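Guided by the hints, dock chains B and C onto chain A, whose structure is given.
Protein chains in written order, with my numbering: chain A, 1 to 355; chain B, 1001 to 1240; chain C, 2001 to 2298.
If you are wondering where the hints come from, they were derived from the structure by calculation, not from laboratory data.
Misleading hints may appear alongside valid ones.
With the Cβ distance kept under 8 Å, some of the chain B side facing chain C (calculated, not the full set) [to be verified]:
no., residue
1, A1052
2, H1053
3, V1070
4, P1071
5, S1072
6, A1077
7, L1082
8, P1084
9, E1085
10, K1088
11, F1090
12, R1092
13, G1102
14, R1146
Since we're looking at a predicted model, the values are computed, not measured.
Even glycine gets a Cβ: it sits at the ideal position worked out from N, Cα and C.
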Amino acid sequence: MSAASTTPIIERGTATSRIAAIAVAVIIALLAIAPQFLSAGVVDRMTTLFIYVILAAMWNALAGFGGLVSVGQQVFFGLGAYFAIRLADAGLNPFVALFASAIIVGLVSWPLSLVMLRLKNGEFAIGMWVIAALTHLLVNLDRLVQGETGTSLISLNVYDAGTRRVTIYWLALASMTALLAILFGLLRGSTGAAIRAIRDNEDAAASVGVRVTGTKRLLFVLAAFGIGVAGALWLATSITFQPKTYFNVQWTAYMIFMVLVGGIGTFEGAILGAVVFFLIETWFGGTGVWYLVGLGAAAVLFSLFLPRGLWGTIEERFGLRLLPVGYRVRLAEDAADPAGNGVHPEMTTTNRETA
Amino acid sequence: MSFLAVEDLVVRHGLLQAVRGVTFSVGRGETLALVGANGAGKTTLLRAIAGAHLPSAGRVMLDGADLTGVPSHRRVAMGIALVPEGRKLFVRMSVEENLLLGKTAGRPGDWSVDKVLEMFPNLKPRRHARTGHLSGGEQQATAIGRALMSNPDVLLLDEVSLGLSPLIVDRVYAALQGLINSGTTIILVEQDLNRALSVSDKVICMLEGRVALAADSRSVSRDEVTKAYFGLHRQKAEPA
Amino acid sequence: MSNQIIQGVLLGGYYALIACGLSFMFSVMRIINLAHGSLAVLSAYALWWLASRFHIPPFAGLLIVLPLMAAIGWALQRFLLERSARGGALLPILTTFGLAIVIDNMLFEQFGADTRSLAPFIGSLSYDSWEWPGSIYVGKLAVIIFLIAVALLGGLQLFLSRTGLGRAIRATSEDPDTSGLVGVDARRANAVAAAIAMVTVGLAGAFLGMRATFDPYAGAPQLLFAFEAAVIGGAGSLWGTLIGGIVLALAQTLGAQVHPQGFLIGGHAAFLIVLFVRLSMSGFSLRGLLHRPSRSAS
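Just chain A, with the same shape it has in the complex (with noise of 0.2 Å):
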């Protein structure tokens, strides 16, 4: 991928960014210190708001740099946690299974995505879904789960509530942050280019050489590891696991909501999201149903109006890079052709335009 190499994203350490990594570590240091000075209920929304940003960051990898637009991704998450209660189960220390259990969500997710991936947009989107609902039903069936009735992390109980939940809030806060330094380590280096060559044009990426498929399984898989993770430090911090609370769709529609509002295709968008997100639930998640439609509303309009997400439109305006991964949302080139025409000529001189 030496091609990479003239392109801007190398240019990379202006003065914002390399103030922003400092202040990176400096807010990372601080959360982990934090639970000292916080109450109990700080401490665990905080966790919370952890989890989010890992559901927003890993559908943002999967659609907004893998252009692979999931309705179905409740699936990993109902996963993480189910496959930890089995784990569990089975005698593994509870907090052990929490990343056991992702890692097998992990495995699991590659098979699949030898399938899935060969679908195309709407067609992955519901597919998806499909294996979601499946999933839901299956996990279901068995015993221990008892249907829809659920069960609960027994073993997580012999450790008292305020150690209980210190240590979930730092798992979280290190899931958060190697996850996202996974992400941001894999959009800086060769892969990255590969990533932003197929969101640009997938058929032109693949003519040029680009392990299309390779590069998009491996954020799938990427993702499907990432929201197992937040599904297990979901059912940690709740104990009680019910599947349909886990196989919910509700939390992909949250998750497309974070990435939506912060910025699809852009790294700190989806964590501004997730805040955004977090902030909006905590002053007006009490008002039920309506929460939900406005929700679903903010969704059609930043679709419609701000498909940069607020992120996204504040780079645009004011040139802004924090975390530079060298890569600006690009949802009008996507339209490539539905009928699969091959590559206008048009559309590749549009796509050159980028920086």
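Leaving out everything else, chains B and C in the frame of chain A:
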């Protein structure tokens, strides 16, 4: 008296300027031949007149009315029909269905499926065949027929002889001669210079998006057109 | 056993009904409308509201609801899909998914969580049945739904192949650019297609309400059924959709025989098996499941 007029037309494809300030006009019933090398902007110019490309500057006028912002389907209703380059038939539909689509705009006139089949007898046995299965000549005949079905005042023909055997080209032009005589205004893009000059009243040679030569087809010499075609008519190359 | 097969085939008629709008919209506009199921449920609620509030029987209510659904389809295309499709192939998925969330929760807000049914408003039709030879009882409603599905698919096929508007819609789906050049208003053709699709969705919603119960969140499973039937039925003709619907229903019937919770599992499994077989047969050149077979060179 100009019937169709193009004024300072500029058309871009992204960053590429395909047509750079073209002005010309055609009188009612006249036939204009557009010649020029590949990439000279002929196809883009025809498509802009038909409304498939919106110009970034300039105007297209038909009988005094400004067409510039009018979408392509309404231009068909106003009497402009294009036989596009590469025919662009609806390959999943039959010959008859393609022809009937030409009637969508609903302009009054006497073109009908039967009349088109009379004009191109080779289509008669293929009436219900999908156009994807036709020979090049049959496809071209269908494309011309489809344009005629809208009873156009102005017919734009883009390289109708491309990819056809000389015999078929003769047949197509024999059919077109009837239209030319009937008083339809025609703008045609044609690579064969002799043919272009023999069927037209006026000729325009395009070079790099501009008009390099505009002349009367009867009085212009083949040599002059050839020079314009290769840009040799200029004293020295213009700065790009 | 033959009894179950007949019931399965008849249920397939309902699936074909709900699937045909989805695959019709996809074949014309290349958009999969994720609000498809929610709009069907919206129609069911509209009929329920007319029946319970104003005593308008559901079949008469259709005279009000179907034109409304057509208007919704037209507006959907003009104000949402057209704009969002300009942003690429992925954006309409997000737009319509957001719309589904809005519709579902508005229905919940308006009508609450209770499950409803149109069955009480159609009298004995909801339970009447005919006895066929071999002491097989088939529900009248199921037969009516099946026949309407067949009539609708046939009518749609005729409309597309025999009328000017139908041809214009097909031309637009094949090549919107060129259809404009022959005088077809592609925007109008798309809006009409969306309106027609929504009429079929409205009808499907009516039968959903008559043959079963529904609640505000019933749209998602209906969307999945529609999608599965359309994909199983495969490329192209509307009749494929009918076959897809029947296969889906038979798989569900079979699943229910195997395990008490096997009804839905059977359907999803059949979908995945068909998907897998088709993918392994088509090699790597697959461009899409709902697409028609690749067109021959122009």
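(request) Hints the structure violates: just list their numbers, smallest first. (result) Hints 2, 3 and 9 not satisfied by this model.
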